[in-house]
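K.L.:
Start from chain A and add chain B according to the hints.
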Amino acid sequence: MGIVTVLWEKWTEFRRDFYKITVSAMVSPLMYLIIFGMGIQTTSHGEPYLHFLVPGIVSMATMTGSFSAIAQNMSVQRLYEKALDQIMVSPTPLWQFILGQVLGGALRGLYAGCVILLLTYPIRTDLIFNSLSLFIMLLNGMVFSTIGLVLSFMAKSYSDAPRYTSFIITPMSFLCNTFFSTEQMPAGFRQAVAILPLSQTSSMIRAIANGQPPDVIGFVILGAYLVVFGLISMVFIYRKKNL
Amino acid sequence: MIELRGLTKTFGDFTAVDDLDLRIETGEFFGLLGPNGAGKTTTISMMSTVLLPTAGEILIDGVPLTRRANEQKRKLSVITQEYSMRQDMNMEEVMEYQGRLYRLPRKVIREKTEELLDFAGLGEYRRRTVRHLSGGMKRKLMICRALMIEPEILLLDEPTAGMDALSRRQMWNLLRKVNNNRMTIVLTTHYIEEAQALCDRVALINRGKLQKLDSPDALIRELGPFAVDETAENDLKTRYFQSRDEAIEYLSSAGETAALRATTLEDVFVVVAGRKLEGR
Chain A
1 MGIVTVLWEK WTEFRRDFYK ITVSAMVSPL MYLIIFGMGI QTTSHGEPYL
51 HFLVPGIVSM ATMTGSFSAI AQNMSVQRLY EKALDQIMVS PTPLWQFILG
101 QVLGGALRGL YAGCVILLLT YPIRTDLIFN SLSLFIMLLN GMVFSTIGLV
151 LSFMAKSYSD APRYTSFIIT PMSFLCNTFF STEQMPAGFR QAVAILPLSQ
201 TSSMIRAIAN GQPPDVIGFV ILGAYLVVFG LISMVFIYRK KNL
Chain B
1 MIELRGLTKT FGDFTAVDDL DLRIETGEFF GLLGPNGAGK TTTISMMSTV
51 LLPTAGEILI DGVPLTRRAN EQKRKLSVIT QEYSMRQDMN MEEVMEYQGR
101 LYRLPRKVIR EKTEELLDFA GLGEYRRRTV RHLSGGMKRK LMICRALMIE
151 PEILLLDEPT AGMDALSRRQ MWNLLRKVNN NRMTIVLTTH YIEEAQALCD
201 RVALINRGKL QKLDSPDALI RELGPFAVDE TAENDLKTRY FQSRDEAIEY
251 LSSAGETAAL RATTLEDVFV VVAGRKLEGR
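Listed in order, the protein sequences are those of chains A and B.
Using the numbering used here, the first residue of the first sequence is number 1, and each one after it goes up by one.
Using the numbering used here, the first residue of the second sequence is number 1, and each one after it goes up by one.
Okay, chain A solo, but in the shape it has when bound (with noise of 0.2 Å):
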């Protein structure tokens, strides 16, 4: 099964790489959380700031560690590297290769997310993770690895990744619910903001670790950004003439 393939090259890849996909995945969201929430100690709808802060970190920890995983790495293989030749004149069925990337890259956000997890772990926050929480760290990881390899398709030059990630994964960490609520944003911006996949990654999270239930509406929104990528990541691959 190619999928089962292409899973098998990204743990060859997770093994080699071991510490270097550890360490990235913990500096970034470290600093966040001791500069936000222990570095300028403050609150938030009347509790610690941490607890707003932890789950909003979590939910960016898998985006970014997904969609570096798939963003960077097809753009090396097929520009660079020209390994994905290899894998478009193989009898491997593209979707099955498409699908393999989505869930080796959504393994690897849920892997990064579960690092902060481990991290955040000593400050006893009493906040909740379950297996829903993390059954949403793995779609929302899906959803990016889906964007990701659809901007890794559009790539022109290997500078393109880095820049995909300035103009869309640093905006999305800074305002999609990860550091302060939307709710005090202004209207049309607040619902335009609302509905990016993060904000509903960090709001179901974020829900969930307060013992309430996530708003359904969020699985279907992720949902949505899941089918629609994943559709033209497929067409990019079925169709492109130049890939």
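There could be a bad hint or two in this list.
Said to hold, decoys possible - Listed below are the simulated DSS-like cross-link pairs for lysine-lysine, each with C-alpha atoms no more than 30 Å apart in a straight line:
(1) Lys138/B with Lys156/A
(2) Lys138/B with Lys241/A
(3) Lys209/B with Lys82/A
(4) Lys177/B with Lys107/B
(5) Lys82/A with Lys241/A
FYI, nobody ran anything at the bench for these hints, they're computed from the structure.
P.N.:
Below, chain B alone, put in the same frame as chain A:
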């Protein structure tokens, strides 16, 4: 059997391959020759589905080759001009990845990896990552990878580029051997003597269009199997003759700088490509 029917590929205003019709028989060693930018690599890229044609189609055993045609693709293996491999994998991982993509059993993958890497003299470097290999070793690894799946059709895009003369000869012997096992081989090369030594038939293409198609011997016969080179004022001019007598007669009337030799496929290439260049 491979058929190219009206194969065309354009990039914006530039036509890289222009209405190319070819028929390559099963077990044939077929060469695609042409100057830089003639459309050889583009043709091979379409035959490996990395590029999709703008018009026309490719059929393998009568079935159109598309990105969804997995059974057709199973028959194909390609060695690209560039080193198309994951640079961070070691040789064993490269081979295992290939085996898994073609759904070979694990036992077969292990056996084939050992056999092919040892055969190519790469056995002791099996744990070395691709980025730490020399160009020649990467090229050999790509050949091992391509042969691992025992393809029916092998597409070779400049397979000996960057190899020294000895390695190139070793490669020729290897290719002859695999072709004797009835594998169809399509080769593009800049080394004309390589095509002459290996290919049953060659297609000369220029600016994406087919110029000549025949066996190397037939193409040489058509031009004239005897060549006389004349050097005058640093300018080399070559005349071709159908018989040795004609060539000797001309030689006796030419100056001391003239020399008789056998015509090669390179002469055919130079004449065809040169004629096109003059016609631009």
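K.L.:
Each hint needs a verdict: does it hold in this structure or not?
P.N.:
Hint check results:
{"no.": "1", "hint": "Lys138/B with Lys156/A", "in the structure": "holds (26 Å)"}
{"no.": "2", "hint": "Lys138/B with Lys241/A", "in the structure": "holds (28 Å)"}
{"no.": "3", "hint": "Lys209/B with Lys82/A", "in the structure": "holds (27 Å)"}
{"no.": "4", "hint": "Lys177/B with Lys107/B", "in the structure": "holds (25 Å)"}
{"no.": "5", "hint": "Lys82/A with Lys241/A", "in the structure": "holds (16 Å)"}
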